[in-house]
Amino acid sequence: MSNILVNAPKTAKRGDVVEIKALIMHPMETGFRPGPNGRIIPRNIIERFTATWNGAEIFAMDMSPAIAANPFVSFFAQANESGTVVLRWTGDEGFAAEHRVDITVA
Amino acid sequence: MDRRLFLAGTAAIVVLPLGPAAATPDAMAEAIKKVIGEATPIEGRMKLDVPPLVENGSTVPLTVSVESPMTEADHVKAIHVFNEKNPQPNVFSARLGPRNGKAMVGTRIKLGDSQRIVAIAETSDGKFWSVGADVIVTLAACLEESP
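Just so you know, the protein sequences line up as chains S and C, in that order. Counting from 6, one number per residue, gives the positions in the first sequence under my numbering. Counting from 45, one number per residue, gives the positions in the second sequence under my numbering.
No lab work stands behind these hints: they were computed from the structure. All C-beta atoms, glycine included, are put in the ideal place defined by N, C-alpha and C. Be aware that a few hints might be false.
Said to hold, decoys possible - Pairwise CB distance ranges (calculated):
| id | chain 1 | residue 1 | chain 2 | residue 2 | range |
| --- | --- | --- | --- | --- | --- |
| 1 | C | D169 | S | E24 | 34 to 44 Å |
| 2 | S | I45 | C | E111 | 41 to 51 Å |
| 3 | C | P69 | S | K15 | 40 to 50 Å |
| 4 | C | P69 | S | I45 | 21 to 31 Å |
| 5 | S | G99 | C | A73 | 27 to 37 Å |
| 6 | S | R19 | C | A117 | 14 to 24 Å |
| 7 | C | K121 | S | E24 | 33 to 43 Å |
Claimed, not checked - Okay, the calculated bits of chain S under chain C, using three or more residues with CB under 8 Å as the criterion:
| id | stretch |
| --- | --- |
| 8 | 64-70 |
| 9 | 75-83 |
Chain S with its partners taken away, still in its complex shape (with noise of 0.2 Å):
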């Protein structure tokens, strides 16, 4: 559906904190921009991204038309516990999409 690219590490320590990047392709159109036609392109941005650690939401951001298009996000997480980090982007016209890493804590 869409090209997600994340890079997030395999394995980590108990207690470390890893950083996980995410960057998703998407044209984040503002909505203020003229098309070939002279009309208002309509709004299409993702509004929202989400990252939870094994069901807990650990990182959230709410975007606006001024983030970049195919938008990059890059955070910290703590590694207590293996699990899966999934990460959810939702935004205009329904865009929904999700990605999973695995990360192993020893």
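Using the hints, position chain C against chain S.
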């Protein structure tokens, strides 16, 4: 038409067409107020990494970090970023917690003009912190459709 009247008239013409609605420093102040209420943010504990001179405003890397132990008792709850001159004053609002371990968020933003960026952080003790940075943009994020 006398000269004074003519000048006043042209001045009015020049001032009126402001183009597409743009956020102003006032709009930014208003947006910040919506988030922090009557609180006064304290300058410090934060770092806003954004290049001072940008060639292309359509993707500008931006990283915000806050000095915080990120423990249950003392952590950053939220980081908000605002701009002065894009069509809207909000850039993003991120929710954080002790599970982040480190209060640092990075992304890429669009800038429609040279302007000041302000980041506000809310810590678990209810205090607000702020940091600002000025960015000069030589080529603005395209408002028109690219050919």
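Structure-based check of all given hints:
The beta-carbon spacing between D169 of chain C and E24 of chain S, approximately 26 Å, falls outside the hinted interval of 34 to 44 Å. At about 42 Å, the beta-carbon gap between I45 of chain S and E111 of chain C stays in the expected band of 41 to 51 Å. Our hint of 40 to 50 Å for P69 of chain C and K15 of chain S holds, since their Cβ atoms are close to 46 Å apart. A hinted range of 21 to 31 Å holds for the C-beta pair P69 of chain C and I45 of chain S, which are about 25 Å apart.
At roughly 35 Å, the beta-carbon separation of G99 of chain S and A73 of chain C lies within the given 27 to 37 Å, and the hint holds. A hinted range of 14 to 24 Å for the beta carbons of R19 of chain S and A117 of chain C is consistent with their spacing of about 21 Å. Roughly 20 Å separates the CB atoms of K121 of chain C and E24 of chain S, a value that falls outside the hinted 33 to 43 Å. Counting residues of the stretch 64-70 of chain S whose beta-carbon sits less than 8 Å from any beta-carbon of chain C gives 7, enough to reach three: the coverage restraint holds.
Coverage of the stretch 75-83 of chain S by chain C holds in this model, with 8 residues showing a Cβ closer than 8 Å to a Cβ of that chain against a need of three.
Of the numbered hints stated above, those contradicted by the structure are hints 1, 7, listed in ascending order.
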